[in-house]
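Produce the entire structure from the sequences given, and follow the hints as far as they go.
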Amino acid sequence: MRIAVTGKGGAGKSTVAGALARHLAGRGHTVVAVDADPNPNLGLCLGLPQDAVEHMEPILNALLASGHTHNDPRPDPEELLARYGMEAPGGIVVVATGKIERPSNACLCCGSHNTTREFFGGLAADGRIVLADLEAGLNDLLWARPGPDDVVLAIAEPSAKAVEVARRAVNIAQGMGVERILGVANRASDGDVAQLAEALGVEVLGVAEDPAVEKADEQGVAPFDLDDTSPAMADIARVADWVLASAPAEAQAAPAPPR
Amino acid sequence: MPDGGQPVERTAREEAVLATLDRQAAAIAHLRELAERATGDDRALAWVSLAAQLDRAVRDHQPLLRARRLEALAPDLAAHQSLLERHVGAARAAVTALDADARRAAERRHGRRIAVIGKGGAGKSMISATVARLLARQGRNVFLADLDSSHGTGFSLGIGTTFAELPPEALEEHGGSSYGWRLASGLLPHQAVHRHAVTGPDGVRFLTLGKIGDPAEQRARRSVVALRQILGGFAEPGWDVIGDLEAGPTTPFERYHSFADLVVVVVGPAWRSALTARRLLPIVAGTPTIIVTNRFRDEPDHPGLVPEVRVPFDPAVAEAERAGRAPLDEAPGSPAMVACEQLVELLTGEQDRQSDREVVP
Chain V
404 MRIAVTGKGG AGKSTVAGAL ARHLAGRGHT VVAVDADPNP NLGLCLGLPQ
454 DAVEHMEPIL NALLASGHTH NDPRPDPEEL LARYGMEAPG GIVVVATGKI
504 ERPSNACLCC GSHNTTREFF GGLAADGRIV LADLEAGLND LLWARPGPDD
554 VVLAIAEPSA KAVEVARRAV NIAQGMGVER ILGVANRASD GDVAQLAEAL
604 GVEVLGVAED PAVEKADEQG VAPFDLDDTS PAMADIARVA DWVLASAPAE
654 AQAAPAPPR
Chain E
1324 MPDGGQPVER TAREEAVLAT LDRQAAAIAH LRELAERATG DDRALAWVSL
1374 AAQLDRAVRD HQPLLRARRL EALAPDLAAH QSLLERHVGA ARAAVTALDA
1424 DARRAAERRH GRRIAVIGKG GAGKSMISAT VARLLARQGR NVFLADLDSS
1474 HGTGFSLGIG TTFAELPPEA LEEHGGSSYG WRLASGLLPH QAVHRHAVTG
1524 PDGVRFLTLG KIGDPAEQRA RRSVVALRQI LGGFAEPGWD VIGDLEAGPT
1574 TPFERYHSFA DLVVVVVGPA WRSALTARRL LPIVAGTPTI IVTNRFRDEP
1624 DHPGLVPEVR VPFDPAVAEA ERAGRAPLDE APGSPAMVAC EQLVELLTGE
1674 QDRQSDREVV P
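Order-wise, the sequence lines are chains V and E.
In case it helps, our numbering puts the first sequence at residues 404 to 662.
In case it helps, our numbering puts the second sequence at residues 1324 to 1684.
Heads up, some of the hints might be wrong.
Keeping only pairs whose Cα atoms sit at most 20 Å apart, straight-line, the calculated EDC-like set for lysine to aspartate or glutamate is [what the hints assert, rightly or not]: (1) V/LYS618 to E/GLU1622; (2) V/LYS618 to V/ASP630; (3) V/LYS618 to V/ASP638; (4) V/LYS618 to E/ASP1424; (5) V/LYS618 to E/ASP1637; (6) V/LYS618 to V/ASP454; (7) V/LYS618 to E/ASP1399; (8) V/LYS618 to V/ASP628; (9) V/LYS618 to V/ASP631.
Quick caveat, the hints were computed from the structure, so don't treat them as lab data.
Below you can see the structure in the form of structure tokens.
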């Protein structure tokens, strides 16, 4: 199964993606977490230490450092995963596609979006869950190109801006033929959940505003590790339920249909 | 194939560069004309603005002179360089001839050019739009540009998703431009702003990128180069320019902030927001930066990131964001808005300090 997590910056994409991955892994699923943001920080929400997140070497950066050039054929995504994947708590393997850190990081400009596609669409998704945390905004969703077999989570916090971005994300995903689309109202009251459901026209689950998440964010640790039963973490467990229930065949590790 | 008087075949890329040089020459000729015609205090202002714009133009031209891919344009690039140098000479002479008080006064009126960057959700749009309106309330002319391919700035400005894009006649297709589109030939940056920018609350003039997900799918790609051309070439005397960039490092990496003489980095309370700011600073190295902490409660400052202004957490602002309305309208006088006023004082006051210590070229 492939899951793409999208939404406005700051809406809670990485928080939801990180905790969702931990819940899924905790239920025995093999999870590959792809951090597609050129400002990669999903690792933190998965439970990696700050130092590892701050200094992690994403695929494109590692390739360039090893002498790979723009014109060389890119190795197969599975090989890159084996080479550059890092193990996070729960047995999750996390890879970041690229990190922009210097004005001279040539290649990343055209590379990082392409890599998003490679890693969202190019990794085998039978018997495991490939979960991609996309860059803020909608550009990366266009590049990831999810299809009819994939799941899209559109995350919004209760602000008009975030709801508008999520609404567009749902439209784009529907236009790509995605059938399993879930809206996630983050930091939400019941009223916010209903409002987002009306705006998106798809099913929406709420993730409660939660002081434990806020505290974890401030401290720079994974909310899941601070308290995996806090209200928000419990709500994200329900997102995991929805994701698994939406694909009963795959939940039993049956091979995915050909793309 | 330059022999025998044959017309020279240009690549699309070369044509695009030549068109850019032409537009820049025309924009500078326009500023020069303003300076020649201006009288009284406006004259000092116009020359100071021209000198500043020429500094940027000369700086931006240097990489072109060295670009190997543009070797075929060497004569054109050299001619442009000497054109810029002639203007620089005239502007320098005019500014030097000003007395110190007139020059200082002109520099106070000369606008700021500010790019706002940070992690998604840090508060870039809220700060950009609020500062734009507060500057306008001081009687300054303000051009605010939304460089995000998702809606945001318009909400914080107070106009929601009201159409504020460049209309089709301001754009033209050209294979040599990134994304295949650029500002229409013959349309100078100041004309584009005067003709096409929406007039928002407090008189802020506002333009935005097309948005991803609009029915016409390519609108964001079509307008991005044109909007950046406007930002780079818009140097009307006495105008403040604010560009609200898309979240994260991609747009600073692509030098969307290159129009600016100051970059404001907005940082939220989360560790990841600080991590983002630490990653952004080297990407915008070369342009002065100031750090603004947003939604500040009483956390210790992030290590290595010393804020010049702390905009406090403010439930009234959160409520305005929820409703998609301008915090300045919904929560006037609230602690966050007062902090934004401090930021505006810093931005306009900073200018005095700079003019005290810097000699204009």
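Hints, one by one, checked against the model:
1. About 11 Å separates the Cα atoms of V/LYS618 and E/GLU1622, which keeps this hinted pair within 20 Å; it holds.
2. Only pairs whose Cα atoms come within 20 Å are accepted, and V/LYS618 paired with V/ASP630 is accepted, the gap being roughly 11 Å.
3. For the given pair, V/LYS618 sits about 17 Å from V/ASP638 by alpha-carbon distance, which is consistent with the 20 Å threshold.
4. Restraint check for V/LYS618 and E/ASP1424: the C-alpha separation of about 52 Å exceeds 20 Å, so the hint is violated.
5. Of the supplied pair hints, the one linking V/LYS618 and E/ASP1637 holds, its CA atoms being roughly 18 Å apart against a limit of 20 Å.
6. Between the alpha carbons of V/LYS618 and V/ASP454 the distance comes to roughly 19 Å, so the proposed pair stays at or under 20 Å and holds.
7. A C-alpha spacing of about 59 Å is found between V/LYS618 and E/ASP1399, which places the hinted pair above 20 Å, so the restraint is violated.
8. Restraint check for V/LYS618 and V/ASP628: satisfied, since their Cα atoms lie roughly 12 Å apart, inside the 20 Å limit.
9. Annotation: proposed proximity of V/LYS618 to V/ASP631 holds, straight-line Cα distance about 13 Å (limit 20 Å).
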